[in-house]
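Engineer: From first to last, the protein sequence lines are chains A and B.
Residue numbers for the first sequence follow the UniProt record's numbering, so the first one is 1 and each next one is one higher.
Residue numbers for the second sequence follow the UniProt record's numbering, so the first one is 1 and each next one is one higher.
Just so you know, the hints here were simulated from the structure itself, not pulled from any lab data.
Quick reminder that beta carbons are idealized off the backbone N, C-alpha and C, glycines included.
Watch out, some of these pointers could steer you wrong.
Subject to a maximum C-alpha distance of 35 Å in a straight line, what follows is the list of computed DSBU-like cross-link-like pairs (lysine-lysine) [to be verified]:
#: 1; chain 1: A; residue 1: 488; chain 2: A; residue 2: 445
#: 2; chain 1: B; residue 1: 57; chain 2: A; residue 2: 488
#: 3; chain 1: A; residue 1: 176; chain 2: A; residue 2: 277
#: 4; chain 1: B; residue 1: 54; chain 2: A; residue 2: 176
#: 5; chain 1: A; residue 1: 259; chain 2: A; residue 2: 227
#: 6; chain 1: A; residue 1: 48; chain 2: B; residue 2: 54
#: 7; chain 1: A; residue 1: 48; chain 2: A; residue 2: 176
#: 8; chain 1: B; residue 1: 54; chain 2: A; residue 2: 259
#: 9; chain 1: A; residue 1: 259; chain 2: B; residue 2: 57
#: 10; chain 1: A; residue 1: 176; chain 2: B; residue 2: 57
Quick list of the computed label-pair ranges, beta carbon to beta carbon [said to hold, decoys possible]:
#: 11; chain 1: A; residue 1: 17; chain 2: B; residue 2: 7; range: 48 to 56 Å
#: 12; chain 1: B; residue 1: 79; chain 2: A; residue 2: 148; range: 57 to 65 Å
#: 13; chain 1: B; residue 1: 76; chain 2: A; residue 2: 172; range: 45 to 53 Å
#: 14; chain 1: B; residue 1: 79; chain 2: A; residue 2: 255; range: 42 to 50 Å
#: 15; chain 1: B; residue 1: 7; chain 2: A; residue 2: 452; range: 38 to 46 Å
#: 16; chain 1: B; residue 1: 79; chain 2: A; residue 2: 168; range: 50 to 58 Å
#: 17; chain 1: A; residue 1: 166; chain 2: B; residue 2: 7; range: 35 to 43 Å
#: 18; chain 1: A; residue 1: 276; chain 2: B; residue 2: 55; range: 51 to 59 Å
#: 19; chain 1: B; residue 1: 63; chain 2: A; residue 2: 409; range: 47 to 55 Å
#: 20; chain 1: B; residue 1: 79; chain 2: A; residue 2: 24; range: 48 to 56 Å
#: 21; chain 1: A; residue 1: 24; chain 2: B; residue 2: 63; range: 22 to 30 Å
#: 22; chain 1: A; residue 1: 92; chain 2: B; residue 2: 7; range: 34 to 42 Å
#: 23; chain 1: B; residue 1: 79; chain 2: A; residue 2: 39; range: 34 to 42 Å
A few chain A positions that, by computed beta-carbon distances, are all more than 10 Å from chain B [said to hold, decoys possible]:
#: 24; residue: 162
#: 25; residue: 306
#: 26; residue: 307
#: 27; residue: 344
#: 28; residue: 530
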Amino acid sequence: MSTDTVTRPVGRYAYDEVDRTFVSQRVAQFREQVGRRVAGDLTEDEFKPLRLMNGLYLQLHAYMLRVAVPYGMMGSDQMRELAHIARTYDRDYGHFTTRQNIQFNWIRLEDTPDILERLAGVNMHAIQTSGNCIRNVTCDEFAGAAADELLDPRIHAEILRQWSTLHPEFSFLPRKFKIAISGSPHDRVAARFHDIGLVAHPGPDGRPVFDVFVGGGLGRTPIIGVKLRDNLPEEDLLAYLEAVVRVYNAYGRRDNMYKARIKILVQALGVEQFREKVDAEFAQMNRADYRLEPAIVEGIRARFGIPDLDAPADAAQKLEADRKADARFDRWVRTNTHTHRHEGFISAVVSIKPDGGIPGDVTADQMDLIADLADAFSFGEIRVTHMQNVVLGHVRKDRLRDLWLRLDGAGLGTPNIGLVGDIIACPGLDYCALANARSIPIAQKLSARFANPELQENIGNLRINISGCINACGHHHAGHIGILGVDKRGEEFFQLTLGGSAENDVAIGQIIGPALPEDETVDAIARLIDTYLVLRHEGEAFIETYRRLGAASFKDAVYAPA
Amino acid sequence: MDVRNNRRDMTGASVITANRLLDGRIVWLAPQGWSEAISQARVFDNAAVEDAIKQAKAAADARTVVGIYGVQLDPDATQITPLTVRERIRAFGPSVHPDFAPVETPHVH
Ligand code: HEM
Ligand code: SF4
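Put together the whole structure using the sequences plus the hints.
Structural biologist: Printed below as a string of structure tokens:
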């Protein structure tokens, strides 16, 4: 590979000196602020917003540091640094989140400036991972690799990152603001559950255009985003989004935190009136200042390293032969890979959900291994998915089995992507200060119970999402089966919702009935799945059977007498 | 601090907790300062705990601990054990990582 891959990391944007200087200055500033807090010159009330601006929360057991992974893309060098931080400053692990970031749960305030300095050394930081600002822009985990992709969304995700980072008007929005972007007709980013969801595709002249969804979200008031605009030309992308955020900034409620998200404003005004306000703002803006000229876009694109996709002509045949020879490998290929745009390559999903394990938790050694495997098999490039897994985007088909053998040997070869074991779970009451109930033990019990890979494959596509409270960080409303932890006088209960989806068939799950005690929840879900197996038609996924029959058919199973 | 965590019955007993500023670790008010072990905590009658919390807040150096509040105890437990699951997890560590438990104390369930 040529030397310019050093300066242009594959799949990522090469930061320049200005970016690096800024991040270093922020670290120095935070070091000074921590010093003043420890010396007693800043009160906790004064200090708290400063630490949150640097991604440092005080959680249940310790400080938690949330590190941004821009649109989920990172390099092996960055993963190794995360491993080092986990090993040196935490308890040997980190937690990948549904917003494609990583969280460390056992951080000390006094170590944080050093950690941030180390992160800065690999162009990482924790800026805008908290607070009422525009958060990490999330993106398709198969970006730039998927066969079904129309455009690589990372270029525009990077443009949005630059636009939204430290934007002076948008540092104090009424509430946090989340943007997701996809370049595929298959929604893998939950576009309609974001404050703004963008779906990019080529326009008539070949330049990108964007369908803009607004006002989606989960939390205590789940709402499916509405389409604000079709075919927004690329040159107007920043002006139009700026107009949307300005309208939100001007009219969004600041008096009530629970009504402060843009989704509430869009509902209150109605989409027509909201659109009128955005159009009025857009019309009076000096669009020339914001115009995204093709030359600018191409300049950004040029700073992304491109993988040299060169595979032997018989790569696909070799993979077919490997699959025939090894049934376990064949199963993993069926469940854990995604079709690549190049016929000699394939994208591999590393499940971070071992049977009975903690969804999204990776040890420092596993991080190092993933980094090594990324170097050996995928141009040093790693993606974090919104399902809390990891993707190696460009693996040569004839080398896939070698990759799998190494993953499998390290306990990272679980064949469960999209199946019962691929559970999304927030940290819940084991770690989170806002939680009502524990999410992780439910996930562990379910994944252990359904560990058998034949059983999982027989059950088929099923999304189980668990949140430890109504904030919905585990996307429970978007799960085919959603599980929400509630607190009844200090004891844990779980409410089930059915029929949600974050994909093209987007839907909000409906509550099936009263919440269940902790020790009955897993059994109830097992009965629910058994009922589906009895009722399904040939080839029907859980969600389809549920939609055909409705909740009534499943209710008896959930509330069957013990 | 969230009032939800600071609620208690008229009767019963409570302990006082906070997080240490420097490392964020959970601590309990003991006869001699703040301890990482809930087993060391000083137990207050609920009738007296409000005053004790006020005193602890006034006495505590804001550079030592943050977020002081009271935690109701389980009257039926033999050792000092919080009543709610949340506070049991704070006292005894994440239930999913017994190896991270702060001290010798019993498991959360
Ligand atoms: C442990 C510290 C965390 C805190 C304090 C926290 C806090 C919150 C709060 C308050 C909300 C509701 C926002 C609203 O409705 O306006 C929320 C939503 C959300 N959080 Fe978290 N969260 C935490 C961890 C996580 C983790 C680990 C993930 C990823 C697994 C995550 C992803 C999300 C997502 C996807 C939503 C819902 C989407 C939306 O914003 O509507 N959060 N979080
Ligand atoms: S859903 Fe609730 S319990 Fe889970 S991480 Fe979010 S705030 Fe914490």
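Engineer: Please name the hints from earlier in the document that this structure breaks, with their numbers sorted from lowest to highest.
Structural biologist: Hints that this structure does not satisfy do not exist here, as all of them hold.
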